[in-house]
Structure formats: structure tokens, C-alpha cells
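From first to last, the protein sequence lines stand for chains B and W.
Under the numbering used here, think of the first position of the first sequence as 42, with each following residue one higher.
Under the numbering used here, think of the first position of the second sequence as 5, with each following residue one higher.
Since the hints were derived computationally from the structure, they do not count as laboratory data.
Only true hints are included.
Derived pair list, reagent style SDA-like, types lysine to any residue, alpha-carbon separation capped at 20 Å:
# : chain 1 : residue 1 : chain 2 : residue 2
1 : W       : K74       : W       : R110
2 : B       : K212      : B       : R127
3 : W       : K36       : B       : S45
4 : W       : K30       : B       : R90
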Amino acid sequence: MELSEHLFRHEAGRMVATLTRIFGTQNLALAEDVVQDAFCRAFEVWKLRGVPENPSAWLMATAKNRAIDALRRERTARTFEPELSRLIQSEWTLAPAVEELFAANAIKDDLLRMMFSCCHPRLPEEAQVALMLNILCGFSVDEVAGAFVSTHAAIEKRISRAKKVLAGSRKLFDLSGHFEFSSRLPAVLCALYLLFNEGYHGASPESAVRVDLCHEAMRLSVVLLEHPLGATPATYALAALMNLHAARLPARTDASGNLNSLFDQDRSRWDSNLVAEGQRLLDLSSTGPDLTEYHLEAAIAWVHATATSAEETDWKRIVSLYEMLMRIRPSPVVALNRAIAVGQHEGPARGLEEIHAIVELDRLVNYPFYFAALGEFEFRSGAYDISQQQFRKALALARNPMEREFLQKRIRACEQADALASPVSVNKRA
Amino acid sequence: MSEYVFLYRGGEAGRSPERVQQSMQKWMAWFKELGQKGHIKDQGQPLERAGKLVKGKQKTVTDGPFAEAKDVVGGYTLIEARDLDQAVELSKGCPILEVDGGVEVRPVMKLNM
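Extracted from the complex, chain B is given alone in its bound form (with noise of 0.2 Å):
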């Protein structure tokens, strides 16, 4: 038998999820000592004698006996919940009583409430992904770092804070509350978003970890999904979006790693299924009278996941999309797209005249994308020399040896061009 991908990556998650609602989340610390037992009791077994033939249930066996022994050896030095207090002084009630916590039907949501848990109000949004990364997507601390391009210190401080924050709240997020969870879901969507796009347009260097951290915010979106309350038009929107997105993933590297832009990307190599997938999810988002802006990002997704290529791309389609989304959710980036979308349509020095005219155009100045814009949309003009100035201040700005490489080229890009037109120059000066 083989391993399914990130088998344990994705157990840890349930498995954690399931101990916390057990022990409560002041032990969550607890709760992930017993999974990292049952891996490592795992891992000799396997290693060995072979992956059994359901090696997700042999791992919550092996967790649930890990947790008896746990709540055994811990019942008079740690505080559980009453109930579960009274239960777990008597070895007469012990073992049914952590026989029924693990039951099918118990298990059934606790992945959905750790999720929410991890998106408490007190806790920043940053702080809100790195939890779900570490806790639900079985992230350790240096995986976590690598996926922020941040340090070891600075993350286990942000988990460790988090989890203190975690802890207080004593039980996990109660599922059954309808307005609760009305009102808790945006942060969970914006949270998943957030996952998403790290892995996205993150910094992140090795774009194996970009491809994860994408692939765990639509498994976790799915889980959403599952759950009638989670299955909202913004939800479904949030999971078109994911897939239209992660249907050009790959094409956005050629073979030595290196980044394409959506006009050179090979569209032979987009994902039909999860084009496919994202229409689909699409449709099912467009009930009811919420347009988020996750509607809008899908749709923009959508036209050019089914573009031919960039020239016949549908950019005035584009560019009302982006001014709707300018009115539910303005922001500099969202300006320069549209800014950019408009070039498209109309020619360069549209473009450049929009990027101009943006709103708090300053906060875009540590943002590679803004230099690297005008360095296209000048090139386009015919002025290398510009071009060429603006590329190398977004070269300045780039996070990862990928985008640097990527604007390099376009820098070497300018230089061919601006030698193919001198020498016109040399002769006017002669």
C-alpha cells in the first residue's frame, strides 16, 4: 500500500482538531504530543511491517489509545472539562467515555471547528493563517517560516502567541450557532484567501511551497464546503477563485523555475479540470443577492482562465470588473490592476496615465508589481531608456531569486531594444 501525498501533514490536522475538542483547547499542547506519538508509533510500525489498508482510521486508533493513557497519567495534574473530569476518574468510564469523543459522528467537524477557532477576533490576520498552517495543515514552526520567508524566532513567536490566545477561548468554536458562525466566516474566508495567496504571489522562493500552501486553502475551502452553513455564495466564490487560479499554476514556471507572465505563460499547459471546476463553482456562487469580492476576483479569474491568449482577452470586461471592485473594496493594488487592464484595452499611455492618477499611489512604492507595471507599459511606448529605470527599481524590491530573474530578463529586454534603436541616435548625432 502506498502513502497518499501529505497523508500525515493532513492526519495531523483531523487528529489534533479531534484531542482539542477532547481535552479542551487550554491542553492543546497535549493534544499534539499524543499525535506526534501516534506518528512516531506510526512510523515504526510502517516502516516495517508496511502502511495498513486504512492508514487514516489505524492513526486515529492508535491517537485515541495514545489519549486514554494521556488522560490517565494527566487526570489529577491537568484541569479538563467537567464533564469530562468526572468521566475520566474512574477506569470504568475512561475507555467508553474517549470510545464515544472519538466516534465517527463526533470526528465529523472537527477539522471545521478548529478552523473557525483559528480565526478568532483577538488574533491578527497573519497570526490567524499561521495557526491554520501549523495546527490544521500540520506546518511545523520551520515549515511555517519558509512558507513567509521569516524567521524560526519570529514565527514560533507568532504561533506561541497565538496559541496562548487559542487557549483562553477554553473550547472550541461551537458549530451549531447560526449567527455565530454567520458572523465568524468572513474572517475564516478572508483567513483561506489569505493561505491562497501566500502561496500565490508569495515570497517564497521554492514554489513547492507555493503550490502547497495554494493546495491546502482549497482542501480546507472544501471542508467549508461540506458544512450546509459554509457552503455560502461567498464561500463557493472563494473556492472558483482558488481553482481558476490554480489552473494556470502550471504554466507559471517554465522548467528551470523561472516566472512566465500571463502573456508568456503556454495556455496548453492551463488545467482544464480546474478550469472546469472553478466554472462550476462559479455558477453555484451566483445565488442570492451577496456580491463579494470574491465573486469579482472569480470572475476576472474566469475570463482569463478561458482566454485564447492575452491579446483576445476581454480586458474591457476586465476593467469594469476591477472598478466594481474598486467600490466594495478599494485599494492601491486593486487600482493598479485595473490601471493595467485599461492599458491593455487601450494602449500603453492609457495605461501609464491611469497608474498616474491612482489614489495613494504612495503606498504602492515598496511594491514590485507598481515599478515593474510602468516598466512594462513604457517599454511598450518605445522608451527603453525609462523602461529600463523602472525595471530596476522593482529589481530592487523583488523577494525571490524567481522574480528577480524574471525582471533581470526584462531588463536585458530593454537593453536589446534600446541597442536595435540607437543607432538611428548615433547617426542624428553624426
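Fit chain W to the supplied structure of chain B, relying on the hints for placement.
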């Protein structure tokens, strides 16, 4: 062909789930290769890390482990190889070596009875 026992000492699966998975995949690949070449007599059993030690005429019983963590035997495999040199060569592919563990290669005594 002669028989040899590989005793796996120490080594750690790694702290993150993904690392556990990667180590596991390496073990599976290693055993697959050994098996395909006909070297595996018995894939063996994992051993609990804790146990008891009974010693001397007094039959004193103490709790294990009996060695430092890095030396504890975590399992064994029965191998068939031409000679000790070949068995040692085969053991060099063991993934435990990448995580500070060791493989003890011991020939099984041949009995002419």
C-alpha cells in the same frame, strides 16, 4: 547465501508530519529494492522502546530503556546476503543513517547439526 540480522538503533522520524512522511517513503523504497533483489528473509518486527530488564541471580527487575535513546534498538530485519561485506553494503542504503541512527549488522550463526 547466509543470514544476517539488521538491528536498527536510534534515529528519529523527524518532528514535522511532512518529515515523517518523507522518512517513511525512504524506508518503503529501501525495502522494496532489497525485496526485489531477494535479500529479505523476514522484514522483521518493530520493538517497543520501553520494557523491563531482568538481571542476575536476584532476578532484579528494572524498567527499560536499557541504553541511551540513541542506542535503543527499534526493530530488526532478517537479511540474506552472500557474505558480511555484501550485508554491510546493503545496510548502507538504510534511511536511519540520515537521521543519526545506525544499523548493526550481525551474522546469524550457522549451525551444523
